[in-house]
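Colleague: Spelled out, the chains give:
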Amino acid sequence: MQETRHQFREDLKELERQVLGGLDLVIGQLDRALESVSYQDVELAAMVVADDDRIDGRYLEVHQGILSLLARQSPVATDLRIVAALLHCIRCIERMGDQCVNIAKLVPLSGHDAPKDKELLDAIERMGQLARSEVSEAKDSLRTRNVELAQDIVRQDAEINRLNRAIFKRAVEIGDDLELREWGMFMILVARCLERVGDNAVEIAEQVVFVVTGLFREVADIGTSAETAQSS
Amino acid sequence: MTGPETTSKEPEKMSSAPEQSEQEAAPDLSAMGERRQGHGIKVKDLHAYYGSVHAVKGVSIDFPANEVTALIGPSGSGKSTVVRCINRMHEEIPGGRSEGSVTLDEIDVYSPDVDITAVRRMIGMVFQKPNPFPTMSIFDNVAAGLRLTGTKTDNLRERVHRALRAVGLWGEVKNRLNSPGIGLSGGQQQRLCIARAVAVEPEVILMDEPASALDPISTLKVEELIDELKNRYTIAIVTHNMQQAARVAKSTVFMLDGEVVEHAETTKLFTNPSDERTERYVTGKFG
Amino acid sequence: MSATSGSTLLPRTSGGRKRKDRIMRGLMMAATGLALVPLILIIYYLLYKGLSSWGRSGFFTTDPNGNFFGNPGGIRSAILGTLEIVALATIIAIPVGIAVALWLTEYGKDAWFANVVRYFVDVMTGVPSIVFGLFIYISLVISHVGGSGFAGWKGSLALALLMLPIVIRSSEVVLLLVPATLREAALALGAPRWRIIWKVVLPTARSGLVTGSLLSIARGMGETAPLLFTVSVAFGLTGNLNSIMNSLPMQIFGDITSPRDAVVARAWGAALTLVALVLILNLIARAVSRRSRLT
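As they're listed, the protein sequences go chains Z, S and V.
First residue of the first sequence: 13, per this note's numbering; consecutive thereafter.
First residue of the second sequence: 34, per this note's numbering; consecutive thereafter.
First residue of the third sequence: 2, per this note's numbering; consecutive thereafter.
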């Protein structure tokens, strides 16, 4: 015998699949954006910018789907929390996509054969990997409703914040070298974008906790500057 | 106090009829006089039987004064039975009996010293299907509560008018108080029944699925009325319609198989219920 | 559209079925006609034989104690007697009958005792009317209770016994039709039981109760056998319920076997009068029930 409200459950699952798919899109964008930064690949950067349309489209689809579900099905309790969480998550996905675009847009600006500082570049790459891992874990956490995984994301984000501060310091250090200064400043911006991606992943983690426990707790950033605390 | 007000309103009505009728259409509880302190009901360890069937199994619920408490649950969960035990209507059913305590402000309604008709005067009831008395006019229907209980009063007309104003029916019927009560539409009939209950000036009003036989607009009007009524009375409402419970009630009780599963503030029950069974019922996974 | 299109979905009626339908219809119409024939004949005879009496002067205004050879007189005392006896029977039977019906529906309900009462009431509706007459005869007439042998009021008692089960049964049916929700509503308002009956149940059932009562009166009006043993017959106008009285059924009974044509004619006139009275009561009952809110 069919479970009650079969169509509703199907619709809800489909919305969730779309959100998870959105996270996959973000991961892809992030990978390519980071690659374009590492290798100064302007064409790849242009592709990232163009592909953001897909993420925006996904956002509209999910948004519309949620409105329709709310109007037609009056979800309550856990279903309601899931719907609210999905709405929040797709917002985060859209923002993450925008951050990837911001990173990609910085690539042509930072000069083709500009000299680079290895330490700074390593830090950026490390930050990128962490951000990517956070997004990937956010996806798994949402899919499996795993609260522990959600908490792990928060831990990783602390590391991203630390790296962000370190990159800033390093950029200031190399600022004396005129050739490196401009590139260094663009890297600060890239780091900032990555830090925001991390924050969005943390928000998704918070939503997972909300769905499972019914409680919404904001995770305080550990040891941040005022700026980082406001960013998202 | 409302007498002179009534007469001075007459000339106004004729000049600005549409405006006035909208005002009169809204429930106006101030017509009932100054606010009184409400009285709550406490049900403790209630058991109720239909013959040998154990329908209500040790239910304890607090109905706080001047609040709306909703009871939800699948058919046969015992919610109507609980409510009928509060005003002692359950024992009118052949084979109906109950044990446990039901107190209205510390007075046990089942105490042998208490007159059962007095209990029912203090605790009014509105039923699922509107049931105005067919042989009586609108006026007589509202006055019926007072007449049937032998209440002596020298301002019967005023009390009837007040009750009709209180439920927001005055504007619609003021010109035909003598026409038959059953000539009204379903929603109006139900509000007439509420006026009838209110005219007796109870402390508590029990409602057993009051809107389930009504169309959506009448339902909303009744809900609006309930929202007003709670300012003067304590209200318990049994409903099959979860959205209705969500709209009108401050706290909600979920019952299953004669027991209380969860009793929580309505918002919490519908966003984050504590019990798995409540979760499954409200999300429609069963029931 | 061809004749065979859709024949598998909606097959045509078979010829045999049509024939059977027609035969059954014919049979039923024949039975109806058979039943109607005597009815029409009775009405025809009544009118044919009785209308002339109606036209005779003094038919309704003189007593049937006219002299032996001349004008036999009218049926005034018979009509008045019937009216008096039936009125008294009504006053006894209807309140008691409605009260019993009320007890059965409001208090007795499904208890074993109430069912016993219902059973006995049903039995009483089947008892031949002569038995009621005999019962009163044995208990009240022979022993000259009340200072008289045959008396009008004793006839009223017999008729009341006859009418009682009819009133009880019909009233119970009507009272059961009063929706339980009305009683519930009144109870929930805090009304005591008796007031609910008086102000809610009875007014709601009123036209049904009236109809039932009128029909029982019509029945009682025409009964001869009970009066035979309790009232006997008189010719003059006695007007005294504690003595023998005249009544229409007894008048007819006595007159029809007379060798005098005029007297026989009077009997037919009386019969027509009786039927007319019953018919009027039936028409009133019907008019009342049409305005009823329950049936």
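Think of the hints as simulated: they come from the structure by calculation, not from any bench.
Be aware that one or more of the hints could be misleading.
Partial list, derived from the structure: chain V residues whose beta carbon lies under 10 angstroms from chain S [what the hints assert, rightly or not]:
#1 K110
#2 T182
#3 P193
#4 R261
#5 D262
#6 A266
Cross-link-like lysine-lysine pairs, in silico, DSS-like; alpha carbons within 27 angstroms at most [to be verified]:
#7 K318(S) to K25(Z)
#8 K25(Z) to K162(S)
#9 K50(V) to K162(S)
#10 K162(S) to K110(V)
This one's a predicted model, so the numbers in the text were calculated from it and none came from an experiment.
The beta-carbon is built from N, C-alpha and C at its ideal position, and this holds for glycine as well.
Colleague: Now, for every hint given, state plainly whether the structure supports it.
Modeller: Consistency of the hints with the structure:
Because the smallest distance between the Cβ of K110(V) and any Cβ of chain S comes to about 7 angstroms, under 10 angstroms, the interface hint for this residue holds. A cut of 10 angstroms between beta carbons decides the hint on T182(V): the least distance to chain S is about 4 angstroms, and the hint holds. Taking 10 angstroms as the C-beta cut-off, the interface hint given for P193(V) holds, the closest approach to chain S being about 6 angstroms. With 10 angstroms as the threshold, the beta carbon of R261(V) stays out of range of chain S, its nearest partner Cβ sitting at about 55 angstroms, so the hint is violated.
Annotation: D262(V) was flagged as interfacial toward chain S, and the flag is violated, the nearest CB pair being 55 angstroms apart, outside 10 angstroms. For A266(V), the shortest C-beta to C-beta distance to chain S is roughly 49 angstroms, which exceeds 10 angstroms, and the interface hint is violated. A hinted pair counts as satisfied when its Cα atoms are at most 27 angstroms apart, and K318(S) with K25(Z) qualifies at roughly 15 angstroms. Between K25(Z) and K162(S) the alpha-carbon distance is near 40 angstroms, which puts this suggested pair outside the 27 angstroms criterion.
In summary, the hint linking K50(V) to K162(S) is not supported, as the alpha carbons are separated by about 59 angstroms, beyond the 27 angstroms threshold. Taking the CA atoms of K162(S) and K110(V), the gap is near 24 angstroms; set against the 27 angstroms cutoff, the hint holds.
Violated hints, in rising order: 4, 5, 6, 8, 9; the structure is consistent with all others.
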